[in-house]
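Engineer: So you can see what is in the structure, the chains are spelled out below.
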Amino acid sequence: QQQVKQSPQSLIVQKGGIPIINCAYENTAFDYFPWYQQFPGKGPALLIAIRPDVSEKKEGRFTISFNKSAKQFSLHIMDSQPGDSATYFCAVSKPGANNLFFGTGTRLTVIP
Amino acid sequence: ETGVTQSPTHLIKTRGQQVTLRCSSQSGHNTVSWYQQALGQGPQFIFQYYREEENGRGNFPPRFSGLQFPNYSSELNVNALELDDSALYLCASSLQGAPEAFFGQGTRLTVV
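Chains A and B supply the protein sequences, listed in that same order. Counting in our numbering, the first sequence runs from 1 upward without gaps. Counting in our numbering, the second sequence runs from 1 upward without gaps.
In isolation and in its complexed conformation, chain A is listed as follows (with noise of 0.2 Å):
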């Protein structure tokens, strides 16, 4: 059963444009939200994390917007760039687990 249910599969968008990814999940015991990037051929790599307690962090150029009534979380990515090109991943966990549920993951292109 997945915990998190993500979306789009995949998206492209132009270079400046700013691509959303959805995230959505059941379990109102889960307190830990992080979105990762991976590369190919690489490990994911840790991009920007909230938590339940806000409904918006920035960091950079990356956003999270946090929808605790409707179980929601999705990322945005500002004036994006080709390099930001890459598989990203929401992830889900519950206090003191010690393990991330990741969802299926969204592929971007950012066109030049």
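Just so you know, the hints here were simulated from the structure itself, not pulled from any lab data. Glycine included, every Cβ here is placed at the ideal spot set by N, Cα and C. Take the hints with a grain of salt, since some may be wrong.
Keeping only pairs whose Cα atoms sit at most 20 Å apart, straight-line, the calculated SDA-like set for lysine to any residue is [as the list claims (entries may be wrong)]:
id : chain 1 : residue 1 : chain 2 : residue 2
1  : A       : Lys57     : B       : Ala98
2  : A       : Lys94     : B       : Ser24
3  : A       : Lys94     : B       : Asn59
4  : A       : Lys94     : B       : Arg22
5  : A       : Lys42     : B       : Arg22
6  : A       : Lys5      : A       : Phe66
7  : A       : Lys5      : B       : Gly40
8  : A       : Lys42     : B       : Glu100
9  : A       : Lys42     : B       : Ser24
10 : A       : Lys68     : A       : Ile48
11 : A       : Lys42     : B       : Ala38
12 : A       : Lys94     : B       : Gly40
13 : A       : Lys42     : B       : Gly3
14 : A       : Lys42     : B       : Tyr50
15 : A       : Lys57     : B       : Glu100
16 : A       : Lys94     : B       : Phe102
17 : A       : Lys42     : B       : Thr9
18 : A       : Lys94     : B       : Arg57
19 : B       : Lys13     : B       : Val112
20 : A       : Lys94     : B       : Gly97
21 : A       : Lys42     : B       : Asn55
22 : A       : Lys15     : A       : Phe39
23 : A       : Lys94     : B       : Ile12
24 : A       : Lys42     : B       : Thr110
25 : B       : Lys13     : B       : Arg108
26 : A       : Lys71     : A       : Gln1
27 : A       : Lys42     : B       : Gln96
28 : A       : Lys94     : B       : Gln44
29 : A       : Lys42     : B       : Gln26
30 : A       : Lys94     : A       : Lys15
31 : A       : Lys94     : B       : Gln96
32 : A       : Lys94     : B       : Thr20
33 : A       : Lys71     : A       : Asp31
34 : A       : Lys71     : A       : Lys42
35 : A       : Lys42     : B       : Gln41
36 : A       : Lys5      : B       : Gln41
37 : A       : Lys42     : B       : Ile12
Calculated Cβ distances over 12 Å to all of chain B for the following chain A residues [unchecked claim]:
id : residue
38 : Asn27
39 : Asp53
40 : Glu56
Given chain A, work out where chain B should sit, using these hints.
Structural biologist: Frame of chain A; chain B shown alone:
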């Protein structure tokens, strides 16, 4: 500060053989988790090691086993390899109790 390193980067094994993958955790981290990432999928939690003991396990059979050493490095052992074991195996290090996990570059295992 050194990041998470894994070895080898690539490996080809025959069905039925056994394999050992290695991971050195990030400096200062005391917990190591292993994930399996099939092609086109998100990482799936195999197990975690803390204080040289298994500290949680995902839905993987007993032929997947591990070790953690006093210096916090870890090994993943897989016995009786099956074709479906072909995947990218990722090691993540963290501090026990903290949700942030940092991944290595992975070991690409191909079973033929």
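Engineer: Now tell me if each hint is right for this structure.
Structural biologist: Each hint tested on the structure:
| no. | hint | result |
| --- | --- | --- |
| 1 | A:Lys57 <-> B:Ala98 | holds, 19 Å |
| 2 | A:Lys94 <-> B:Ser24 | violated, 25 Å |
| 3 | A:Lys94 <-> B:Asn59 | holds, 17 Å |
| 4 | A:Lys94 <-> B:Arg22 | violated, 27 Å |
| 5 | A:Lys42 <-> B:Arg22 | holds, 16 Å |
| 6 | A:Lys5 <-> A:Phe66 | holds, 15 Å |
| 7 | A:Lys5 <-> B:Gly40 | holds, 15 Å |
| 8 | A:Lys42 <-> B:Glu100 | holds, 18 Å |
| 9 | A:Lys42 <-> B:Ser24 | holds, 16 Å |
| 10 | A:Lys68 <-> A:Ile48 | holds, 17 Å |
| 11 | A:Lys42 <-> B:Ala38 | holds, 13 Å |
| 12 | A:Lys94 <-> B:Gly40 | violated, 25 Å |
| 13 | A:Lys42 <-> B:Gly3 | holds, 13 Å |
| 14 | A:Lys42 <-> B:Tyr50 | violated, 25 Å |
| 15 | A:Lys57 <-> B:Glu100 | holds, 16 Å |
| 16 | A:Lys94 <-> B:Phe102 | holds, 17 Å |
| 17 | A:Lys42 <-> B:Thr9 | holds, 10 Å |
| 18 | A:Lys94 <-> B:Arg57 | holds, 15 Å |
| 19 | B:Lys13 <-> B:Val112 | holds, 6 Å |
| 20 | A:Lys94 <-> B:Gly97 | holds, 11 Å |
| 21 | A:Lys42 <-> B:Asn55 | violated, 26 Å |
| 22 | A:Lys15 <-> A:Phe39 | holds, 18 Å |
| 23 | A:Lys94 <-> B:Ile12 | violated, 36 Å |
| 24 | A:Lys42 <-> B:Thr110 | holds, 16 Å |
| 25 | B:Lys13 <-> B:Arg108 | holds, 11 Å |
| 26 | A:Lys71 <-> A:Gln1 | holds, 17 Å |
| 27 | A:Lys42 <-> B:Gln96 | violated, 24 Å |
| 28 | A:Lys94 <-> B:Gln44 | holds, 16 Å |
| 29 | A:Lys42 <-> B:Gln26 | holds, 16 Å |
| 30 | A:Lys94 <-> A:Lys15 | violated, 36 Å |
| 31 | A:Lys94 <-> B:Gln96 | holds, 14 Å |
| 32 | A:Lys94 <-> B:Thr20 | violated, 30 Å |
| 33 | A:Lys71 <-> A:Asp31 | holds, 11 Å |
| 34 | A:Lys71 <-> A:Lys42 | violated, 30 Å |
| 35 | A:Lys42 <-> B:Gln41 | holds, 14 Å |
| 36 | A:Lys5 <-> B:Gln41 | holds, 12 Å |
| 37 | A:Lys42 <-> B:Ile12 | holds, 18 Å |
| 38 | Asn27 | holds, 15 Å |
| 39 | Asp53 | holds, 14 Å |
| 40 | Glu56 | holds, 19 Å |
Checked against the numbered hints given earlier, the structure breaks hints 2, 4, 12, 14, 21, 23, 27, 30, 32, 34 and satisfies all the rest.
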